Amino acid sequence: MLTFYSIDRGNIVQQLREVIDPELGVNIVDLGLVYNIFAEDGTLVVEYTATTPGCPMRRYLQQQIEAALATVDTFENYEARLVWEPEWSVEMIENGVDFFGHPPPQVNDS
Amino acid sequence: MSSSRTPTYILIGLLAFAAFGLLTGLYAGLLRLGIFHHLSTQSISPLSHGPLMINGFLGTLIGLERAAALEKKWAYVAPILMAASTIFGLIGHAETAQWLMVMGALGLAGVMTYLYFLQPKVYHLIMALGALSLLTGNLLYLWGWHIYELVGWWAAFPMLTIFGERLELNRIMRPPKRAQHFFTALNILWIASLVLVHFTRPLGWRISSVLLIAIALWLFKYDIAKRTIKSVEWTRYSAISLLSGYSWLIITGLFGLWQGFLTAGPFYDGLLHMIFVGFIFSMIFAHASVIIPSLSGRLVPYHNYFYFPLILLHAFLALRIIGDFAMLPSLRKIGSYGNVLAIILFLGGVVFQLFIKTKKPFPNRNH
Chain A
0 MLTFYSIDRG
10 NIVQQLREVI
20 DPELGVNIVD
30 LGLVYNIFAE
40 DGTLVVEYTA
50 TTPGCPMRRY
60 LQQQIEAALA
70 TVDTFENYEA
80 RLVWEPEWSV
90 EMIENGVDFF
100 GHPPPQVNDS
Chain B
0 MSSSRTPTYI
10 LIGLLAFAAF
20 GLLTGLYAGL
30 LRLGIFHHLS
40 TQSISPLSHG
50 PLMINGFLGT
60 LIGLERAAAL
70 EKKWAYVAPI
80 LMAASTIFGL
90 IGHAETAQWL
100 MVMGALGLAG
110 VMTYLYFLQP
120 KVYHLIMALG
130 ALSLLTGNLL
140 YLWGWHIYEL
150 VGWWAAFPML
160 TIFGERLELN
170 RIMRPPKRAQ
180 HFFTALNILW
190 IASLVLVHFT
200 RPLGWRISSV
210 LLIAIALWLF
220 KYDIAKRTIK
230 SVEWTRYSAI
240 SLLSGYSWLI
250 ITGLFGLWQG
260 FLTAGPFYDG
270 LLHMIFVGFI
280 FSMIFAHASV
290 IIPSLSGRLV
300 PYHNYFYFPL
310 ILLHAFLALR
320 IIGDFAMLPS
330 LRKIGSYGNV
340 LAIILFLGGV
350 VFQLFIKTKK
360 PFPNRNH
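Chains as they are written, first to last, in numbering that gives the first Met the number 0: chain A, 0 to 109; chain B, 0 to 366.
Certain hints may be false.
[Unchecked claim] Here are some, though not all, of the chain B residues that point toward chain A, as calculated from beta-carbon distances under 10 Å: (1) TYR113; (2) LYS120; (3) MET126; (4) SER237; (5) ILE239.
[What the hints assert, rightly or not] Taking CB as the label site, the calculated pair distances span: (6) B/ARG4 <-> A/VAL12: 19 to 29 Å; (7) A/ASP97 <-> B/ILE355: 28 to 38 Å; (8) A/MET91 <-> B/ALA178: 13 to 23 Å; (9) A/ASP40 <-> B/TRP144: 27 to 37 Å; (10) A/GLY95 <-> B/ILE343: 52 to 62 Å; (11) B/ALA178 <-> A/GLY41: 18 to 28 Å.
[What the hints assert, rightly or not] Subject to a maximum C-alpha distance of 25 Å in a straight line, what follows is the list of computed SDA-like cross-link-like pairs (lysine to any residue): (12) B/LYS71 <-> A/ASP97; (13) B/LYS176 <-> B/PHE116; (14) B/LYS229 <-> A/ASP97.
Simulated from the structure, these hints should not be mistaken for lab results.
For clarity, every value in this text was computed on a predicted model and none was experimentally measured.
Quick reminder that beta carbons are idealized off the backbone N, C-alpha and C, glycines included.
In isolation and in its complexed conformation, chain B is listed as follows (with noise of 0.2 Å):
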C-alpha cells in the first residue's frame, strides 16, 4: 500500500498553526498575570489563557500528529478545526471558537477510535479515552461550566495521550503482561476518579491523586528513560524532560492529596501549573525531538542550547509554586514570566537550529 502523502508545506502551515495557539496562549495568560493591562486593547481575553494552551496549541498540534501518521486527509479535520476554532476566539466569535473545539476534539476522538479499531490494543484505548476526554471538557466549556470544573478534563486530554504512548513506546522494556494490565487499570481508575470529582471534590481529586503518583511510579519504574538518560544528546535530554516530568506528577498527586482541588486561589494556579507546566511541557521537550521529524521530515540538530530553557522552566515553576505556598503574587508573577521565557527560548532554539543551522534536509548517513 503506497499513501499518497500529504505535502510537508500542509503540516508546516498546521504546525504553524498550533505554535500560534501557543503563542496567543502564552500571551492571554500574561494578560492574566496583569502584564501589558496598561497597553492591551483586549483583542485576547485573558479567560482564554486555558483553551488556548490545550485546543489551539495541544489540539492541534496532537491532531496533527495522528493525522500525518495515519495520512489520511479526513484525518486532519481534526487539527483544522482547532486551529480555527484559536482565529475564531481570537477574532470575538467566542461561541463559534467554541462549536469549533468541540467539533475538532469529536475529529480527534474519531481518529483515535479509528486507530483502536486498525489495532484493538490498550495504548491505543488509553489513548482514545484521552481524546474523548477533550470531548467531555469541550462540551463542558460550550455548556458553560467554569473551568475549574472541567479543567481536569482538559488535563486528562495530553495526560492520556501521553500515557499511553509511554505504554506504546515501552513494550521495547518488555514490561510483565501483568505490570501493563495494572498501568491500564490505573489509567482507567484515574478517569473514573474525574467522573467522582463532579461529585465530590475533595474525595474524588484525592483518589486522583493517589492514582497520578502510583501511575507515575510505574513510569519510573517501566519507561526506557532510565536506560537512556545514560545515552547522549538528544536522547538524554528526553530522558532527562521525562523523568522529570514524572518527578512533577509525584509532587502534583502529593500536593492534590493534601489540599484535594480547590476552585480558585494561589493553590488551585499551583495545583493546574504542576500539571500543565511541569508535567505535560517537560514532555512536550521531551518529544520535540521526535514530533518535528514526523512533521516537517527534518531533524533538529542538537545543542546543549537546550538544557538552558528545560533548568529555567523547573526553576521558575519551583518560584511559582512557592509564591502561590507563601501566598506571594510578585514571586508567583516572576515565577510564571519565567515559565513563558522558558517555552520560548526552547521554541526560538528549535526554530534557529531548524532554519538557521540545518542545510540539509536528511541526516548525514555515513556516521
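One chain only, chain A, in its complex shape (with noise of 0.2 Å):
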C-alpha cells in the first residue's frame, strides 16, 4: 500500500534554522549547506553537505541537526544524511546573509 507523507518544509527549514555553524555563526540553511528534505520510506530524510569533507564541525552539525529533526511531530523516523555533491562553495551562502549576527550557540545549563 503506498502511504503519502505531507511534509511541512517550512516548518522543519525553521528548526533547521535553529542549528548554527559555531565556526561561521550563521544557520545551516543560510549557509547553503541543506540540499533536500523528503520522505522516504516513512522516514523523513534531510540531506546536507559540510563546507569541506575534513570540517571539524561535521560531526556536531549532524548530531545537531537529527536533535532538530526529532522535533518534527509527522515522523517518528529521521535521517540526516551527508551528502558531497554538488560540491558546496560560498555561492550557495544566502545573499546578505550577516556573519556572527547570530549570538553564538549557547549552552543550556540551567
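Given two chains presented individually in distinct reference frames, assemble the corresponding complex, making use of the accompanying hints.
Below is the structure:
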C-alpha cells in the first residue's frame, strides 16, 4: 500500500535554522548546507553537506540536525544524510547573510 | 550516505590521550628547566618535551580531529599510533616510540592526502604538506638528527595545518583569487626555505622569517577575525586569540631576521617558544571552542574567565623572552612556569565548564 506523507517544509526549515555552525555563526540553511528535504519509506530525510570533507564541525552538525528533526511530530523516523554532491561553495550562501550576526550557540546549563 | 558513527567515548578516550601527551610534555618541559630535579625519578626524559608536545599532543589531537571529520575507521590509526608513541616513550621504549611517531605521521599524511583526493583544493594541499612536514621531522628524529636540525619541520606541522584551515575558513571573506594564490605561494616558498635551512641555516631562516611575516600580514588582512573581534563570547575570544597569535608570528619573523636560527642557548629557546607558545597555543586557545564540540558533541559554556589564561600566556611568554634576551635565566624560568600555568588553567577551565557546568549535551535552541 502506498502511503503519502505530507511534509511541512516550512516548519522543518524553521527547525533547521536553529542549527548554527559555531565556526561561522550562521544557521546551516542560510549557509546553503541543506540540499534536500524529503520523505523516504516513512522516514524524513534531510540531505546536507559540510563546507569541506575535513570539516571538524561535521559530527557536531549531524547531532544538531538530528536533534532538530526529532522535534518534527509528523515523522517518527528521521535521517540526517551527509552528501558531497554538489560540492559546497561560498556562492551557495544566502545573499546578505550577516556572519556572527546570530549570537553564538548557548549551552542550557540551567 | 549515512555513515556509521564512531562512538563518542572512543573520541573522548583519544582526546584524553592527547591531553595526557600535553601534560606529560609540559612536565618534561619543567624537568628541562630544572624544576623537580630533586624529586624526579627521571621517569620522563627532559629531552622528550618536544616530541611529546608535537606528536603525543598535537599529532594525536589533529589526527583525531581529521578522523572524526572523515568518519573512516582507518583514519583513526594515526591518532592511535601517536597516543601509543606517548605511552611507549614514557615506559622507556624510546626507539619504539620513534617508530610509532613515524607510522602515525605516515597515517596522518595518508588521511590528508585522501582529503586532497576528495577535494583537490589548495587548502587541503597546505594541510597535507603540514602532515608531510611532521613525517619529515619524525624520520629525521628516528635517524638520530639533532632536534635543532629538524625542529623547523615539527613547527611546520601545526603551522601549515593552521594556515590551510584559515585559508579554507576565510573563503567566506571572499578574498580575491590572486590573494589566495599569493597565500599558497607564500606557504610553498616557506616549505622550500625550510629545506634551504639544511644547507645554509642563517640565510635559509632569514628567508623563512620574511615569508612568515608575509603570511601573518596576509592573515591580518583577510582573516575573519578582523570582523569577529566585534562579536561576543567565544567568537570574540577566538578572534582575539587568533590576532594575538598572528602578532607573535610577526615578532618571530622580526626576531628571525635579526638573529637567524641559532642551534642552542637562550635565543634559540626564545625563537622556538615564540612559535610554539606565542603562535601555536594562541591558535589552540582560539580553536578549543570548535574542536571540543566536534569531538564530544558538547559546547563548552563560555565564561570571561578564559581571558585570564590567555593574558597569562602572553604576559609570561613576554617575560620568558625578556629573560632570554637579557640573559636572565631566573626570569626565563618564571616565564616558562607561567606559560605552563596558563595552559593548565585554560585546560582546567574547559574541563570545569564541560563537566561541572554543563548539564545537557545540546545547546538551548530557543535563544
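Hint check results:
no., hint, verdict
1, TYR113, "holds (9 Å)"
2, LYS120, "holds (8 Å)"
3, MET126, "holds (7 Å)"
4, SER237, "holds (9 Å)"
5, ILE239, "violated (14 Å)"
6, B/ARG4 <-> A/VAL12: 19 to 29 Å, "holds (25 Å)"
7, A/ASP97 <-> B/ILE355: 28 to 38 Å, "holds (34 Å)"
8, A/MET91 <-> B/ALA178: 13 to 23 Å, "holds (21 Å)"
9, A/ASP40 <-> B/TRP144: 27 to 37 Å, "violated (60 Å)"
10, A/GLY95 <-> B/ILE343: 52 to 62 Å, "violated (44 Å)"
11, B/ALA178 <-> A/GLY41: 18 to 28 Å, "violated (49 Å)"
12, B/LYS71 <-> A/ASP97, "violated (34 Å)"
13, B/LYS176 <-> B/PHE116, "holds (21 Å)"
14, B/LYS229 <-> A/ASP97, "holds (13 Å)"
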